[in-house]
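Participant: In order, the protein sequences belong to chains A, B and C.
Position 170, counted from 1, in the first sequence is what the working numbering calls 170; the numbers after and before it change by one each time, with no gaps.
Count along the second sequence from 1, then add 1000; that gives the number in the working numbering.
Count along the third sequence from 1, then add 2000; that gives the number in the working numbering.
These aren't lab readings, by the way, just hints derived from the structure by calculation.
From the three backbone atoms N, C-alpha and C, an ideal C-beta is built for every residue, glycine too.
Don't take each hint at face value.
[What the hints assert, rightly or not] Chain A residues, not near chain C, derived (Cβ > 12 Å throughout): (1) Arg27; (2) Leu28; (3) Phe34; (4) Thr66; (5) Gly129; (6) Pro150; (7) Ile153; (8) Ala155; (9) Val156; (10) Glu191; (11) Arg199; (12) Leu256; (13) Arg266; (14) Ile289.
[Said to hold, decoys possible] Just so you have them, the derived chain C footprint on chain B, three or more residues with Cβ under 8 Å: (15) 1147-1154; (16) 1215-1228; (17) 1297-1308; (18) 1403-1412.
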Amino acid sequence: MNDIQNPAASAAIQGRSPWRAAWDSLRLMMQDSFAVAGVAILILFVVTALAAPLLAPFDPFKAMMTETGRLARLRPPSGEYLLGTTAFGNDVLSQFLHGFRVALLVGLVAAVAVGFISTVFGVLAGYFGGWIDDVLMRITDVALSIPTLPFSIVAVALLGPSIENIILVITILFWRNGARIIRSAVLTERERVYVKWARAAGASHFHIIMRHILPNIVRVIFLWVTMSVAFAILTEASLSFLGLGDPTVISWGQMLNTAFSSGNLRTAWWWVVPPSLALVMLVSALYLIGRAYEEQTNPRLRRR
Amino acid sequence: MTATVRRLPLWFATGLVTFAAPAVAQELGEPVPALKIAYYAADMGPMYEQSARVLSEEWAKLGLTFQMQPVQFSTFISNIMVGGGLEDMAVFTVGADPDRVDPTYWLHDLGACGARRNGAKWCDEAYTKMVQDQRELIVQDERIAAVHAAQQHFYDTMPWWPATNTVYGILWNNEKWENVTSPAPVAAHEGLIDPWLSAKPLTDDRWLDWAHYEDVTTYNPMAEEGAVGWLRFIYDTFAKNNSEGETIPWAASAWEFTDPTTVKITLREGMKFHDGETVTADDAVFTLNKVVELQPPAMSSRIANIASAEKIDNLTFNVKLKSPDASFITTVLPYAFILPEHLWADYTGDFVARDVVADGVAIGSGPFKFKTWRVNEVHELDANPDHFHAPGYDGVRRLALGQADAIRSAMLAGTGDIATMVLPVAAMSDLAEQEDFLDFLEIPSHGTMLIWLNNEKEPFTNPAFRKALRLATAKERAAIEGWLGFAVPAGEGPVPKQLGMWYNSNLPEIAFDIEAARGALAEAGFGWDAKGRLHYPEE
Amino acid sequence: MRAYILRRLAQSVLVVWAVTSIMFFMFRVMPADPTAMLLERGLTEEARQALLQEWGLTGTLWDQYVAYLGNILTGDFGSSFLYRKPVWEVLTPLIINTLWIAVPGLLLGAALGAVIGTAVGWAERGGKLERSGIFLATVIRGVPNFVIGIALLTIFSSTLSWFPGFGMGDPGATTGFARYMTLDFLHHLALPLIAVIIYFMPENLLLMRSGVVENRTEDYIELIRAKGVPQRRVAWHAARNSMLPLITWLFPALAETIAGIVVIEIVFSWPGVGRELVLAVTRQDYPVAQAAFFLLAVMIVLANLAADLVYGKLDPRVVYK
């Protein structure tokens, strides 16, 4: 916050662009070596996801047959099937690669949706206060009292197991924590001197929110969005693992569920390890990035 | 693969193609729209999805596109099977329930006009009359002839058809148990003689641990809906169905139709309830009249045709039926149970809701006696050494493990002695191959995966279209890829060939043939556009 | 203070009512049918209607809702469709089973997290210990709980055979309350408990570490240090003051974790309330599922309330309004 502490009076009323603030925050984050590792993994995963259809040697649902017309099931890794086959004779590598797409799609959509809803809720409640704050925060209270996973199970059972519904449920669930955190950040910003100056100088609410509030809470939003992506991916994986995933797309949780429900969890390591490892890497990478934002938002944690 | 599988970013691409297509063909009718295939969602196991996918891959070669619709079991039953909500097609399985060894279920219940479970919405008055009449033929040869004729009629119309018959299995620990025998064609359903009562212990551990999936929900036989057979371990039935498909004497030593609506039943001599009281015709008559009076929902389908029961002497009684019903012997005698009148007659509460465990009246005359139950965990039944077919061991335990992986682990650790049905059959067979101390037995059953069509809607109302779909039904692939080889291609007509004499083996086999299927469509005026998409005949 | 508590209580009741209502309507509009199992076996329509009547599923949605709320107020949550007994008779033993892994798991996880977190927070900034501590904690935090379960089972049950692979006791083991006192039970308890600890610890650790880092530069710490107090004791002072956010976080985390234990219960076939909840949803046993949700909502609300009150007790700066 040091960089905006001593502005010229006119600059104070002008504020600064939220995009510029986002960029600054991003650059600051990249100074953290753990976060850099996280970003590197993330990029690797995104590239893999984009290239998955090209990289995958087989259709993920195609049953592999032996020359004698039998199903090539539960084959350990070999030259033919690099990561072996599942109990249904599907190529593990191909399924694994397609899993990247689902994980990142879920993460991306949840990030945009949750980031947007949380920000709107948080900023409106925090900035305007009064009855708007009361109503929005009571809604948040109710939402916060809904146990996450059990609710997702019921909601998916209600809506039907499709990837769209799972994303919808995740969005419904995770805006709530973000909204509360962003609101408290806005509350702090609202009381700052330059906001009062801007107000006195006749700046509109919209101007103040966009140029004064948002630029200063952008790190909190980034922090929350990163965490939401991680939670969203974990929730989709858990739901799929419980057998509530979308059966027409292959996700890592789904792969593990098939291994689990066919009783091969503890033996077919080539089928279990890749999706597990990928999940751990992706979610950890996000947490590493999130941690860097956490240090940014809490200056007392920064090294001096 | 034409849109059978939806890979994520591809959907809109496929959408665009379909959008652009119709302009091409002029002399054709409208394109056949994408057809919805409903199937049991993955919570019932991955076989259904895999089968639906494989079958639709072949059907797609007729120029069709499909939308896969996974449906949860309960939704499927209430909306599609009973609720008439079948939109286009369904690929699903009906289980190898013991009462389904009678052809009535396959012919009438799934196919007659207005039958509750006729979800394919096919209605043929002549056929309906045939399948209603066959039930009333008490002379077996006459009934067989009628059943075969009905199958022929069904075959000629082809409103829907079976794809595969499920193969079940038993996995057991051969170091601890022997003489574990198959109850085929019925899956190793509890309450059968095999493999339960015939098993013999080889070690001092004389408790048979059954590594199972589900819990039992109540020990009140009027209310239990899932673990019906487990309760029949405690409460004797009048008869049992054996592996030859015959109905053999159990608590009843004999029965006969004295007229088309009266069955005279003689009880076995010397039977005792677990509390030491003798079993008499009074108990049987009391029980039957009580269930007729109360019509417990869990029993309603089986007892619907019983009018009353009356005592003749201490061991014999008559059951009066509302209408003549030959299937009474195969479906009701192995199902109906005997409650001890002295423990129930004075009970003033709701019989169906009675908590028999809390009241200490989980008492029957069966080969096992109730011992303990911990919800979602374990059930224990002591052997009843006084039973006329007492098990050769001390008791049976049902471990409600809830998931295949734990069942597998239990079998490997030796905590489980026997596993049936719920562990995927392929996994059982794998285990037996890997471990010397585990043996595996295949049980071919009459459980069937059916392909249903909405017989009230185009294009399924067109016989040529049904025929083409039938010709393009890859039963073999579904059995191998969908069921991992633990299903066999089904026979022709609605009745499973596993039912032996009831199956009409004269129905000519229809071989899988995509070219013939396309030929049948072309002959009926269907055609294909430049994109290979099937169109209706021109109006 | 009293007014504050009363207001918070009223708010809590409102929140529980809202969650209960949401759940009620969700279960009622669900397309699934609780009579499906019987329907497949040929349940007649009259018998079906009788059953729906008995279960309170007839009449308008509004009437059902009013009846349901009325019953809840008298403590009657209905009877399980499946077990045909009052829901609490079904749920109570399962709740106890869940608490057996949840409470010790959380406490041990919190304690371990606090100790390691203090060590990491007190370590040299940018040093090996700090960096590897943070890195490991963040990575472990990213492991989904079913993956933890799978890994534990594969290693310690299937490969090494040190622990049993499922359930709460060997078949035929002691019954009744005495079972909780047996070695057999502890043997079965070990793996799921470790899974809960691993699932719960990293977040705790990171939180504690942040607290210690924030506190270590405070003046009073410098003062204590200047007095020549040994390092270990100084760290303890810093840690004690970092407990505050930890404790306030612990209560809601407890509630949320109990809800999240579902997956661990399923992987380990632990007969707990979470597993029953999932089964109840898939088997359309609404009364059981609704009661379980009610319980979870009450727990979360109470935990938040307790967190606020404890925070106020421990931190004199907080003023209740």
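Participant: Confirm or reject each hint.
Facilitator: Status of each hint after checking the structure:
no.	hint	result
1	Arg27	20 Å, holds
2	Leu28	17 Å, holds
3	Phe34	6 Å, violated
4	Thr66	28 Å, holds
5	Gly129	15 Å, holds
6	Pro150	6 Å, violated
7	Ile153	6 Å, violated
8	Ala155	7 Å, violated
9	Val156	9 Å, violated
10	Glu191	17 Å, holds
11	Arg199	25 Å, holds
12	Leu256	7 Å, violated
13	Arg266	4 Å, violated
14	Ile289	10 Å, violated
15	1147-1154	violated (count 0)
16	1215-1228	holds (count 6)
17	1297-1308	holds (count 6)
18	1403-1412	holds (count 6)
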